[in-house]
Amino acid sequence: MSCLSLSEFPGPAPSPDCFNCSMMRKEMAALELAFRRKSKITGMLIQYIKKYAKELKKRDGDYVYKVMDFCGTHEWTIVHFGLRSVLEMAGVDNVELVAGPGCPVCVTPSYYLEEAIKLAFEGVVIYTYGDVFRLPALQRVRGARSLAEAKAMGADVRLIHTFLHAAIDAKRHNKPSLFLGIGFETVAPGYSEAILRGLVPPNLKLMSLVKLTPPAMFYALDMVKEKPTDYPISGVIAPGHVSTIIGGKAWAPVAEQYRVPVVVAGFEPNDVLTAIAEILRQLKNGEHKVVIEYVRAVKWEGDLKAQSSIHTVFETVDTAWRGIGYIPKSGLALREEFKQYDAFEYFGIPDLTPERWRYDLPPGCKCAEVNLGKAKPTDCPLFMKACTPDHPVGPCMVSVEGTCAIWARFGGGGLAVEVAKEIGLA
Amino acid sequence: MCWAVPSVVKKIEGGIAFVDPGDGVERPAVIGIEEGQLQVGDLVMVHAGVIIAKVDLETLKESMEMWKQMARELAASTGEDPEAAEKIIEEEMWRVLKIAEEVRQGRSQALRELA
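Protein sequences, first through last, are from chains A and B. Counting from 1, position 385 in the first sequence corresponds to residue 391 in this note's numbering; the numbering is continuous, with no gaps. Counting from 1, position 69 in the second sequence corresponds to residue 79 in this note's numbering; the numbering is continuous, with no gaps.
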């Protein structure tokens, strides 16, 4: 079997008839099926949810329990597998699944994108993940509204899947380069370990736009409670892979302060249904604790080595979320001793400050409300009219994990049932 | 941005793991977690080129205990037999765990039972 070494990466793919590769594919397929083919468990979980929803209704009447699925991948699972519709068809009408701000592409301020486009036109090689490539900025920079447009106009913008790809590629050409470091806690150990292990060449600089999720969850829970007429968030499905790093313990303050059940869940439909069932069970019993459902990958303490690595390289700072504004202690910036890797320092980019931050969504766009669980994509006047996956206007329509993009691709779940009822089909 | 891909560790070299997400192509990944706990053959979750977790199939049995508890409770509340409900869950989970284990050991024909 051909194994790629770091020095020759990226190289040719191994031969497709390689015995080990073929075995690996089968093994992975079996594992995926092992997680998916549990329909009896799915049926049981729905019955369980139905039972508790009914008991809550008996106790609390028409009160609607809002459960926030914080992570974009959870929203993907919910919409892709039609879990909203399934619950509605099961007669559960007092539980509403609400998307949260769990898509880093959606919440990256336009300012940083505009600065990256500007540098791209000045000859800097820009490395970016695929979904950031099409992210629309608020203002055009030399005619380009996105890195994709800048590339089309001749700038050197390169799509990569990992920071390591960028490091390897930048080392080859040795031109001034910038990596647009978007992400949540999951990407942070990749950046910090690459720096600590000396894998980053001197010509590659990191624009750290890493955001931290617990402060955003606090903020979102506050915002949904803002309107006294609205139902507050009653329970939270916490992000599974972020929690592999920060641990289930990171959500304890949320459960304690807001007195809401929090379930750290995996991403298979049964994982999400289990989380909903556990949240309803706790609500029925008046409990509010953190439960880790995703036990196959998440520990209470998280990964201490990753936490230490992140803490060594980064410091926590206040940072802006697109359309939302500054959330205290919600970002990571490179520490002074690692400033030689800092794109802001090297390219002289003035960082955004609370005084300079301006509302940065296009007119009419409701991405901020969608991210905070205050609106559904279908509440936005632009949704699937001016703003589509092919021509995104707002940031939530870009990434595969943006709520609007997910709803646009798979439908909104419950809407199909509503339409069917309206036209007399259901 | 929680999307992560289950992959198998094929090689560990200089702080970098080479992982295969199932397509036979090995890719370098930064080891974001404690390197000492990783071995060739481990199943890991890889997010944007970073290993963020080692997946422990044994803990699926913990999930099974949780589901069994739910099944018992549900059956009891609806007047059904809690032991029968528990058994259905147990049989289904053991079946998939057994098949996954067999395939991991190289008996690919076990896959047909899931087809």
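Keep in mind the hints are simulated off the structure, nothing from the lab. These numbers come from a predicted model, not from an experiment. Among the hints, a few may not be true.
Claimed, not checked - Simulated restraints on C-beta separations: (1) ASP66(B) x ARG362(A): 45 to 51 Å; (2) GLU68(B) x GLY97(A): 35 to 41 Å; (3) GLU293(A) x THR88(B): 41 to 47 Å; (4) ASP357(A) x GLN79(B): 46 to 52 Å.
As the list claims (entries may be wrong) - Cut-off 20 Å, straight-line C-alpha distance, at most; resulting in silico cross-link-like pairs (PhoX-like, lysine-lysine): (5) LYS57(A) x LYS78(B); (6) LYS181(A) x LYS71(B); (7) LYS295(A) x LYS305(A); (8) LYS177(A) x LYS345(A); (9) LYS64(B) x LYS97(B); (10) LYS108(B) x LYS57(A); (11) LYS255(A) x LYS64(B); (12) LYS46(A) x LYS64(B); (13) LYS78(B) x LYS56(A); (14) LYS64(B) x LYS335(A); (15) LYS78(B) x LYS97(B); (16) LYS311(A) x LYS64(B); (17) LYS64(B) x LYS305(A); (18) LYS64(A) x LYS46(A); (19) LYS108(B) x LYS305(A); (20) LYS60(A) x LYS181(A).
Cβ atoms here follow ideal geometry from the backbone N, Cα and C, with glycine treated the same way.
Verification of the supplied hints:
About 47 Å separates the C-beta atoms of ASP66(B) and ARG362(A), a value consistent with the hinted range of 45 to 51 Å. A hinted range of 35 to 41 Å holds for the C-beta pair GLU68(B) and GLY97(A), which are about 37 Å apart. Range check, GLU293(A) to THR88(B): Cβ separation about 22 Å, and the 41 to 47 Å hint is violated. With their beta carbons about 50 Å apart, ASP357(A) and GLN79(B) fall inside the hinted range of 46 to 52 Å.
Distance check on the hinted pair: LYS57(A) and LYS78(B) sit about 16 Å apart at the alpha-carbon level, within 20 Å; holds. Proposed proximity of LYS181(A) and LYS71(B) is contradicted: the alpha carbons are some 51 Å apart, above 20 Å. Restraint check for LYS295(A) and LYS305(A): the C-alpha separation of about 15 Å stays at or below 20 Å, so the hint holds. Between LYS177(A) and LYS345(A) the CA atoms are separated by roughly 19 Å; this keeps the pair inside 20 Å, and the hint holds.
For the given pair, LYS64(B) sits about 29 Å from LYS97(B) by alpha-carbon distance, which is inconsistent with the 20 Å threshold. Taking the CA atoms of LYS108(B) and LYS57(A), the gap is near 32 Å; set against the 20 Å cutoff, the hint is violated. Between LYS255(A) and LYS64(B) the CA atoms are separated by roughly 18 Å; this keeps the pair inside 20 Å, and the hint holds. For the suggested pair LYS46(A) and LYS64(B), the alpha carbons sit about 28 Å apart, so the restraint of at most 20 Å is broken.
Straight-line distance between C-alpha atoms of LYS78(B) and LYS56(A) comes to about 17 Å, which keeps the hinted pair within the 20 Å bound. Between LYS64(B) and LYS335(A) the CA atoms are separated by roughly 29 Å; this puts the pair beyond 20 Å, and the hint is violated. A hinted pair counts as satisfied when its Cα atoms are at most 20 Å apart, and LYS78(B) with LYS97(B) qualifies at roughly 8 Å. Only pairs whose Cα atoms come within 20 Å are accepted, and LYS311(A) paired with LYS64(B) is accepted, the gap being roughly 13 Å.
Using a Cα cut-off of 20 Å, the hinted pair LYS64(B) and LYS305(A) holds, with the two alpha carbons roughly 11 Å apart. With a C-alpha separation of about 27 Å, the suggested pair LYS64(A) and LYS46(A) falls outside the 20 Å cut-off, and the hint is violated. Using a Cα cut-off of 20 Å, the hinted pair LYS108(B) and LYS305(A) is violated, with the two alpha carbons roughly 24 Å apart. A threshold of 20 Å between alpha carbons decides the hint, and for LYS60(A) with LYS181(A) the separation of about 63 Å lies outside it, so the pair is violated.
Of the numbered hints stated above, those contradicted by the structure are hints 3, 6, 9, 10, 12, 14, 18, 19, 20, listed in ascending order.
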